[in-house]
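Novice: If you want the building blocks of each chain, they are given just below.
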Amino acid sequence: MTISEFPPGLILVLGALLLPFADNRIRPILVLGLPLLTLAMVWRLPDGAFAVVPILDYELVLVRSDALSRLFAIIFSIMTFAGGLFALNQKRVMELVAVFVYAGSAIGVVLSGDLLSLFFFWEAMALASTLVVLSVGSDLSYRVSMRYLLVHIFGGALLLMGIVVHVFETGSTTFAAMEPSSLGAILILAGFLVNAGAPPLSAWLSDAYPEASYSGTVFLSAFTTKAAVYVLLRGFPGTEILIFVGIFMIFYGIIYALLENDMRRILAYSIVNQVGFMVTGIGIGTEMAMNGVAAHAFTHIIYKALLLMSAGAVLYMTGKRKCTDLGGLFQSMPLTTICGIVGALSISSFPLTSGFISKSMISQAAADEALIVVWFLLLAASAGVFLHAGIKFPWFVFFQKDSGLRPPDPPWNMRLAMILFAGLCIGLGIWPEFLYAMLPFPVDYVPYTVPHVVNMLQLLLFSGFAFFLLLPLMKRTLTITLDFDWLGRRLGKNLAIGVGNAIDTAWRSLLSGLQGGIMNVLDHMYRSHGPRGVLSRAWPIGSTVMWIAVLLTVYLLVIYN
Amino acid sequence: MSETGEKHWLVRQETVRLLWRVGLAVLALLVIGDFFVHGHPYSRIDGTFGFYAWYGLITCAAMVIVAKGLGVFLKRRDTYYDN
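Taken in order, these protein sequences are the chains called D and G.
Residue 279 in the numbering used here sits at position 279 of the first sequence, and the numbers go up by one each step.
Basically the numbering used here = 1-based index in the second sequence + 1000.
If you're looking for bench data, these hints aren't it; they were derived computationally from the structure.
Hints are supplied without guarantee of correctness; some may be wrong.
Claimed, not checked - Simulated pairs of lysine to any residue, SDA-like, Cα-Cα distance not exceeding 25 Å:
#	chain 1	residue 1	chain 2	residue 2
1	G	Lys1075	D	Ile426
2	G	Lys1075	D	Leu140
3	D	Lys475	D	Leu371
4	D	Lys91	D	Thr318
5	D	Lys320	G	His1008
6	G	Lys1075	D	Arg147
7	G	Lys1068	D	Leu140
8	G	Lys1075	D	Lys91
9	G	Lys1075	D	Ser4
To be verified - Partner residues are not named here, just some residues of chain G that face chain D (Cβ under 7 Å, in silico):
#	residue
10	Glu1014
11	Thr1015
12	Ile1032
13	Gly1033
14	Thr1048
15	Phe1049
16	Tyr1052
17	Ala1053
Glycine included, C-beta positions come from ideal geometry on N, C-alpha and C.
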């Protein structure tokens, strides 16, 4: 293995182990330098398979390089750099270590050419991302991270079973497109979908991500779900059921985000919504759809990280995260407000932002395939994105009422990270050809036509109109919204407590019954054999001698008569 | 300084009123734009006049109302899961 063949993801994983030993001057250099080194390594990878390690009868292909895997590895590297810049003030080195292992493993996943190394990096991601939440160090983050880990261990178990069965069925460990018709492939698909935030286990995402630190959530938003999008794109293109799964995720995300009060949980629901667009595109499965999904994953990572950076900046400066506590921050945090709005416009796919040039490809693919109902639903969903993320997030955090809070903009590195990503959102929106050139298939799509721009502006601005008309219905309340995880966290918990109590009562009565029985036996023995018992009375020595004498006399009389 | 004078110019009543007027004018212009712009509708419905405008407005209203309705059943105080 030459240096140029070294798996790029491992640079971040191994580099993470250096971070605790670097002092405060060296650490920023590593945090910024390692992702750039990784980016350079990925950038110059030619097509092909590298770092092939034979193991038993199989081969691990640690680097399978083609346009699709490079696209994801590139955006993951860029994300790690910008996130690292944003997190330079993070005092908990453990979080940075976890984040670097997490990012490196995510790059490992998208570059894996076989299912075994894919599984290895998949599990490393699960553990490292758990550590990102756990590193907050609070009692709450401990409980949340354990719930998160449970879901991902379950997903990992599905994936591992699937891989074992698949290898048994096909005799090959190569990770390529498969039909979900065999047991192995179905289990693999289910394992992938758990990480994508698909129903019924979507709740892990909005449960865990908002409990990470101001910087941790930025990283979490990028890797797990988008690595899942990549493996679905690679493994299950054109799988029809994914259209339904995706549409469900889209509307689940919108409805739950509309009801939510925590600013970062709004954005977490919105991740499920956006991944829903991608999953739908994977289900459509044409070249246009696959290009659209890849492009949308790329732009989504940037604008979602930007949105969470602006939310993170607010959290960092105010310590508050509920819409009911926030509002009016635009007056003292103008840069954060502007960057948040750029992210919000991008996620809503406003013309001249990155979302416009990527999401519309997925809708176009639906129209091209004459999936007219899907097309109508995607259009409604685009309006809904503007509603729940595009306006709701900036409105309630930065405008709304005056909360009286007057925090300044965050430190320079956080501002710089936001400016970088805001610039990318607009840059990609204006010059889409850079992104289009990196997509897996040749692009035959022109986003900027007069009807398309006018139509999208109509759709979005009238959605905005609807928001302000219905503002009284959107009043924030101090509430959460129940999800499927209620089954485990409330019903299951109560059942467990109930069953536990019943077992406890039964056990206690069994014990006391046994104890009573034993005490009875002891009492009887005490009565008969105790100090005053008939059978164990202590006889004085004189009476014993007398009785012996009596016995001997009787004996003599009997013998000699 | 009067009470309105202390407020940031962006949240003063005059500005808000102006923003509403400009916003409504933009909405009107966009709908009028439909007279001049002809896309390639995929079905009869999206070929109707001002389709994207009314579709956006109606679907958004529907989503807000559905969310509100589900909220009646699914919303709990945010201390619900706390021990």
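Novice: Run the structure past the numbered hints and jot down the numbers of the failing ones, going up.
Specialist: 1, 3, 7, 8, 9, 10, 11, 12, 14 and 15
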